[in-house]
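Each protein sequence line maps, in turn, to chains U and X. Going letter by letter, the first sequence gives residues 573 to 682 in my numbering. Going letter by letter, the second sequence gives residues 573 to 682 in my numbering.
Some hints here could point you the wrong way.
Which copy is meant is left open, because identical chains are indistinguishable; a pair holds if it fits in one copy or across any two.
Keeping only pairs whose Cα atoms sit at most 27 Å apart, straight-line, the calculated DSS-like set for lysine-lysine is [claimed, not checked]:
{"id": "1", "residue 1": "K577", "residue 2": "K680"}
{"id": "2", "residue 1": "K647", "residue 2": "K660"}
{"id": "3", "residue 1": "K647", "residue 2": "K680"}
{"id": "4", "residue 1": "K649", "residue 2": "K577"}
No lab work stands behind these hints, which were simulated from the structure alone.
Spelled out, the chains give:
There are 2 protein chains.
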Amino acid sequence: MLLEKTTRMNFLFDFYEALLTDKQRSYMQLYYLDDLSLGEIAESYGISRQAVYDNIRRTEAMLEEYEIKLALFHKFKKRQRVTDQLIKSLSAAQLTNEEIISLVEQLKQD
Amino acid sequence: MLLEKTTRMNFLFDFYEALLTDKQRSYMQLYYLDDLSLGEIAESYGISRQAVYDNIRRTEAMLEEYEIKLALFHKFKKRQRVTDQLIKSLSAAQLTNEEIISLVEQLKQD
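Pulled out of the complex, with its shape left as it was, chain U reads as follows:
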C-alpha cells in the first residue's frame, strides 16, 4: 500500500469515522490503523477476502465523497499551514502585531 494513500486514509478516517457504520469502522481500523492484511480480517470475521476488499474500497470512496462535500481535511491542512507560519514567525519575532492579527483573522474563516 502506498504510504501517501495510507496517510490520507488515516486522516479522512479521523475526520469522518463518526459517519460510518460500525462494520465499516471496524474493517478500516483493522486495515489502516492496525495494519492487518485483507486475508487476516476476512479470517477473523469468517467472510471472504473479496467481501472485506469490497467493503473497504466502498468505505474509502465514501470518505472521499465526504471530503468533497465538507473538505475538513483540506481546511485542517490550510489552518496547519497558517498556525505553523504564525508559530515560526512568533518564535523568531519576525512579525508585527498587525501581521499577526491578519493571520489570526484567516484562521477565523473556516
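The hints should help you fit chain X onto chain U, whose structure is shown.
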C-alpha cells in the same frame, strides 16, 4: 420562530448543507434564509403545508445528528473564542510571544 434556534439552524445549515438532498436544501433555504412561511413554501411547490413541515423537521433533526457526530459548529465556536481573545490581546499588546504561541497551538488541535 425563536431567534436562537434560527441562528443555530443557519449555522448548522452552513456547515452541513452539502450532506443534504436538493429538496431538503431548497426547503431549508426558503424557510431559514429567505424567511418564507410554511404555507408559502407549500404553495410554490404545490404540496401540503404538513409535508413541508415534516421535511423541515426531519432535516433539522439530521443537522443536529451531524453536529453530534462531527461537532463542526462547536469546534468553530471554540476557535472563534480563541481567535477573538488573540486579536483583542494583540491589539492591546497584552500577551507575551509565549502566550500567543500557546493560544495558536490550541487552534491547531481541531
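Mind listing which of the numbered hints don't hold for this structure, in increasing order?
Violated: none.
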